[in-house]
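Undergrad: Protein chains in written order, with this note's numbering: chain A, 191 to 522; chain B, 1381 to 1732; chain C, 1381 to 1732; chain D, 298 to 582; chain E, 5 to 287.
Among these hints, one or two may not hold up.
[Stated by the list, open to error] Mimicking DSS-like on lysine-lysine, the simulated pairs with C-alpha atoms at most 25 Å apart in a straight line are:
hint	chain 1	residue 1	chain 2	residue 2
1	B	1688	C	1688
2	B	1589	B	1605
3	B	1534	B	1482
4	D	501	D	487
5	C	1534	D	487
6	B	1383	B	1534
7	A	332	A	424
8	A	515	A	245
9	B	1688	C	1605
10	C	1605	C	1649
11	C	1482	D	501
12	A	438	A	198
13	A	373	D	366
14	A	245	A	274
15	A	515	D	487
16	C	1484	D	487
17	E	210	B	1482
18	C	1482	D	366
19	A	245	A	438
20	D	487	A	332
21	B	1605	C	1534
22	A	490	A	408
23	A	228	A	274
24	A	198	A	228
Source of the hints: derived by calculation from the structure; they are not laboratory data.
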Amino acid sequence: QNRRFAGKTIRILTWSDDTGLAVLRNIAQTFEAQTGAKVIADRTGSTSEMVAKLKAGGNRPQYDVITLAGVGAVTLASAGLLEKPDLNQLPNLQSVDQRFRTGADGHGIGYLLWTGGMLYNTRTFKAAPTSYEEMWNPKYAKRVFLPPATWTDSLDTIVAAAKLTGGSATNVEGGFKKLAELKDRVLTFGENPTQIAELFRSNSLDIGAVYAPAFFAKELKDPNSGLGATYNLKEGFFADLMYTIVPKAHPGESSVIHAFLNHTLDPVVQGKMAEDVLNGPVNLKAVLSPEAQKSPFIIKPEQLGSTAVIHDKAVIAAVRDSWIKRYTQTFS
Amino acid sequence: MDKHLELRGIGKRFGTAEVLSGVDLSIARGEFVCLLGPSGCGKTTLLRIISGFESASSGQLLLDGQEINHVAPHLRGFGMVFQSLALFPHMTVAENIAYGLKLKGVAPAQRASRVEELLHMVQLPAIADRPVSALSGGQRQRVAIARALAVPPKLFLLDEPLSALDAQLRDSMQIELRQLQQQFGVTTIVVTHDQHEAMMLSDRLVVLKGGRVQQCDTPSHVYRKPANAFVAEFLGAANLLPGVVRGPGMVEVLGSTLALPSSLPAGSKVTLAVRSEDLRFEQAHLDAPARPNSISGEIDFLRDLGAKSELILRCGDERLRCHGSDAQFQSARCGQRVNVLIDAERCSVFAG
Amino acid sequence: MDKHLELRGIGKRFGTAEVLSGVDLSIARGEFVCLLGPSGCGKTTLLRIISGFESASSGQLLLDGQEINHVAPHLRGFGMVFQSLALFPHMTVAENIAYGLKLKGVAPAQRASRVEELLHMVQLPAIADRPVSALSGGQRQRVAIARALAVPPKLFLLDEPLSALDAQLRDSMQIELRQLQQQFGVTTIVVTHDQHEAMMLSDRLVVLKGGRVQQCDTPSHVYRKPANAFVAEFLGAANLLPGVVRGPGMVEVLGSTLALPSSLPAGSKVTLAVRSEDLRFEQAHLDAPARPNSISGEIDFLRDLGAKSELILRCGDERLRCHGSDAQFQSARCGQRVNVLIDAERCSVFAG
Amino acid sequence: MSYFHSGRLRLALLALPAIVLLLPFFLAVAFVLRFSFSAETQAIEGFSLGRYLGLLDPFFLRSVILTLKLAALSTVICLVLAVPVAMLMAAITQPIWRRIVTSLILLPMILNLLIQSYGWIMVLGPNGIINGVLLKLGLLDRPVQLLFNEIGVLVGLVQTALPLAVFPILGSMRAISGQYLEASASLGAKPWVSFRDITLPLLKPGLIGAASIVFAFNASAFAVPLLLGGRRVQTMGVAIRDMVSPMFDWGGAAAAGVTLIAITLATLMAATWLSTRSTQWQGAR
Amino acid sequence: MPSSTSQAGRGSFGWVMGTLAGLGLLIAALPVVIILIMSFSGGTNLDFPPQSLSLRWYGAAFDVLFGDKSEGTMSAFSAMSSSLIVGLVTMLASVSVCVPLSYAVVRSQGRWRHVAELLFTLPIVFPLVVLGVAYLLMTEALNRETGIDLGLFRLAIPHITLALPFVLRNCLSAMNGVGVDLEEAAMSLGASPLRAILHVVVPLMKPGIMAGLIFAFIISFNEFTVTFFMYTIDVRTLPIWMYSRTVSSLDPTTLAISTLIIALDVALIAWVDKIVAGKGSLF
Ligand SMILES: Nc1ncnc2c1ncn2[C@@H]1O[C@H](COP(=O)(O)OP(=O)(O)OP(=O)(O)O)[C@@H](O)[C@H]1O
Ligand SMILES: Nc1ncnc2c1ncn2[C@@H]1O[C@H](COP(=O)(O)OP(=O)(O)OP(=O)(O)O)[C@@H](O)[C@H]1O
Ligand SMILES: [Mg+2]
Ligand SMILES: [Mg+2]
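Working from the sequences, and respecting the hints, build out all of it.
TA: If you want it as structure tokens, here you go:
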């Protein structure tokens, strides 16, 4: 079993953020060590950039495995660019929560839970805010940030604003109106999490949402960072299932790919990823330290409860373009 | 005459501009010929046609009786010295001189000894390894000449080779160039616009104007018997004075009637060319009778130049330039009236 | 003397290089002074110190008795003509000439009439509206002069103003410049390295070498009584011959003993400076006794230059340049032995 | 004909390899042009003006105006800074200083903008050097907003385009003989007057060249507005990028790109025409 | 120093110009200088000025480039080597076509000069994003239709496009200084026209050629936008690697690598300047 893939290569595409880096550390390197395969990784930007690359590349084989947000998987699947993995070759899938095993019409394998809540400045807030409504408090004018339009978090933000005005994901008109009020109060759009952390540390920001605390694993442990995060919000927090997908035209061997997919779901790997970058593990048997068990920032499937908002990916994929456009126009 | 190079009816147009027309010229083996003329008269163009860098629009170019109009420049085997010298700045003196030998495939050892020999000839031993940028103007000049002569050329062509030098250096380079040419015995054509240089150098002068040959003869002959007023003026800062023939051998110039050799019918307009150094002046005595062959005028400008004095005389509307000895300068004053004596032997009369 | 400009002990160093040292000079109002010297002797530097574009490292500059060392150039009110002319290429002729007037706030109508007047003075009517790029070299020259004179300057400074022109044009511009200066009566300083030009132009010559004044006197005086061998050689292509004093008034030169004015003790080494035009030669008769004050040599080079003939004589290791009349040229041949007569009155003997 | 002109074919052959290497670029231009008329947004398919019509919404028009404003402002500022820098560089004679200044002015070109933007955040950010100094001096009681708005973008545009402005001007500056300035001083012109009357008019070709490059470069910039504008400064460059990446409207991006180029070229032509017209008028005076 | 400065030193003019020049240099250099300083920071955050100084990030950079991890998934080594190879290809290709082109342009007596300069300036003003997409779609189309995989050339071709304007300018200005007379002199000594070019023109263009080579390399080595569209998982460059390390999480190692790149580029620029001795135009 050991080093059975020596001499084989697998090419993966993942995010450029800390999660992507953690993928290299915790998944790619352990996979290399266990199987002898060589993992070549490309870490570039966001889901939409990945989709753009794959679409432009068409059926040109470049990547074997891609990790990306659900919306992207749906888009690519509907464009007919993805291959359906053979679930029988993924034994670890059995211990994955029923709800999160596959998606995008069977093209995507559930991989982790990405959750977005609210960030706040621990120096300004004695207690964590409990509603997205806080962002509209004039006190925080010019000290608020929002996620950038190109991220799925902006879609969450739209829904959150809609909920504040009594709307929902299917009725967002009020949400856009509400967001327009923030137009001149927003300091920046958090394209770069490091910059956001820096702005909190230098006391230039008070609050912002919807944004993933997962970006700030290090800062949330550091009392000097000034950064706090919360999921305890009246309107709920947002959870999104991230997928691993396999492009139709892939250069690598199917067996290696499946082994890699299976490896991403390994209980140890899932636990490490959760501890390292606060990812929500989908594997119910994920091995977590007692401390991590208690962490409010690692959202386990069983914790999703009623406050988690999980979008219907097909609906979001359909409205995505027009929402991004409206979001951009609202703020410029 | 052993014709070495022959030009037959060479003409050249650039677009609509006719720069050379009907140039005929025969050059003997070993002869030293100067092309002389004012700026823009086509000297450079003619030299470039000979060297092959321009092609003639009409006419024939013969070397030893063979037409060479269509031979490429690098196959003609003519040595050339450019006005800018065109020394290769990225090569040392020795490399510059040896370049032609190298192209011929001469072995390095032989090249070195030939370079040695040439540097000795141009009196520049021991600078072989310097970059050309470290040379003075006169030294560069000599290197350029040595380079052109390294592979003995069939013809030696030089375009204003000395014009970049200052007056004193030019003077001595002229003598050197002439002596080198005689040593090598190579047929040589030099372009210049400096009449002094042309006279210093050449066996034969070709005076050009507007792309046409005006006169072609030995320097002494061109100087003493200019073919027309242009040549007279161009060679030696002559005064050109308008006159009218009054009778056989009698020409009226500036109000005075002079006895001058002229076979034109009475009444015809002529131009009298007389050189400033051939005019001698003397104090005019208002009451004395007018001297024969003299013109009177008023001194307008007067300078002692050491070896001679320079005068400008105003005679009616004309200004006459003449040179006097320094003794004469002592007694002359601006505004003074003086007589100028004209030596009939030394001036030329042209129709028109 | 009405001192207009006075230089007291002007010195200038660039880094460690001493370019000028201890230059003292008084220039009278209306005087025309030429700074003459070989390349690199510091002429331009001195002129730039006067104009204020460089500052002197030491010494004082006085205008009408007032120190002006620290007055900015644009406040000095000196007219200047640059070697490159520096006509503003983006302005027409009239705009160039009127620029100084415009800066002075002169009304456009007056400016136009002054430009008219100046163009007339430099004999260029009707080119006011041309761009300067459409002018010939000589025309540019005149425009530059007109521009510098438009606002009557306190001093008129020119740096090699004619060196870009060809010989014939330079000749006539020299006369014109001198006449213009006299018309305006403006104190003028011209820099040149051409001794002929300096003698044509100036009331007084300042000969510089290595940043020091060698001689400062009228052109005639400098020519006839050079202060040292350098001045003698620089002014008029002199032959410098080494000699030894043999007794009172007796100098041995090239093996011949000549009677020359010299008060140096016997045995001292001297340099004899004699101009080529002051040397006359005659056929040597081998059997005849040696003539007094003559040197004999062999003709090495001989050319008829029309007005005169040029000879180079080889006397032992020395080469002697002399000019003969064209009559003498007829009878001389290369390789012939001839005697050269030296006129004691016309040569100078310097110690060393 | 000279020996050298006669070889026209030879010269054409020598030029050929470069043309061949530039060919992909022209193909890309043609490709973009063709794509902008495509009926599909993600493939070249049929002909339609839809992509261009899609640009006619107020949002895109606002970004056109913003882009032109920022490009024009940054061009002016670049010129104001580049002329003195070029003067300094032309005056430097010591090689060591020349190398230092050349390197300094080229720095913006040699470092990834993303990384430079971190530097700018430390300078301009709410807690950056400038705000720190101003707060410490008591000139402010609250940090001024220098980043994530048009000011930040403008500073970034000026910085990145400065090298492109300095070198054409430096070329012209070196071609101006120092004697022109001395001549005007000798005629009584103060330094400022010489600068206005002599230096600036003679620098004109360099200034026009520099202005054209800076304007075109900044009009199409997208990294600077993205990084220093905090996504709030929606220039055409950013709009085009958004069309490419999250919205997959490649046809629209092509149409916007063509529009951007057309607008840039028209502006440049108008500016050049105006400036040469004023010269002719000057000449005719 | 000569008049220009002594004059500039006088009065308000000198002050204003000096201040503006200083401001210009400051604006150009400031962010980069700060990055340089930060690369020596001992901490992991972006406090400026850094609380403590250390070389730890240089150690990390060395690890990533050449150390144990240089072969692994975290490695920058392959990115750096493809950067170097693409840079070399770009510089050789662009210079070797620009030398004959500038010869042709200058020898055709300036008639084509304007056209050539204009054509070869277009890539500078073309929006890079659009160019990137266009190149990407074209390359993929080519691959789809013909199966040709350009390999490294999918980066080298756009890099050459972007380097050509700068290289051509350098070559043209070098070529300007080479008179026809030198070529004619070589021919008068028996060199064929081609040899005259090889023996005389090319050596004399050396400063421009060197400047062109180095500029092409610098441009290619630092190109990001178009590369971002064009790179593949197998052909990546150092700026892409650094992007992935900084776009959403700052890894101070990249600051150290940036500093090393700047040092390399500055050394190259100083070297070019030495070659052209302040006379050539770098653009
Ligand atoms: N390539 C060319 N195209 C058009 N006209 C030319 C060309 N070369 C020379 N001419 C014109 O031909 C005429 C003769 O030029 P040429 O260079 O032969 O004169 P020149 O006698 O050498 O003058 P100079 O003493 O000034 O060197 C000039 O009027 C010049 O303008
Ligand atoms: N700015 C400078 N820095 C250093 N040395 C200088 C400078 N300007 C001139 N020199 C040196 O000072 C000396 C005198 O120069 P200057 O230009 O005054 O000579 P010149 O007599 O005008 O010579 P030319 O006839 O060649 O113009 C020269 O040796 C020159 O190299
Ligand atoms: Mg000529
Ligand atoms: Mg000088």
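Undergrad: Which of the numbered hints are not met once you compare them with the structure shown?
TA: Hints 15, 18, 20 and 21 contradicted; others consistent.
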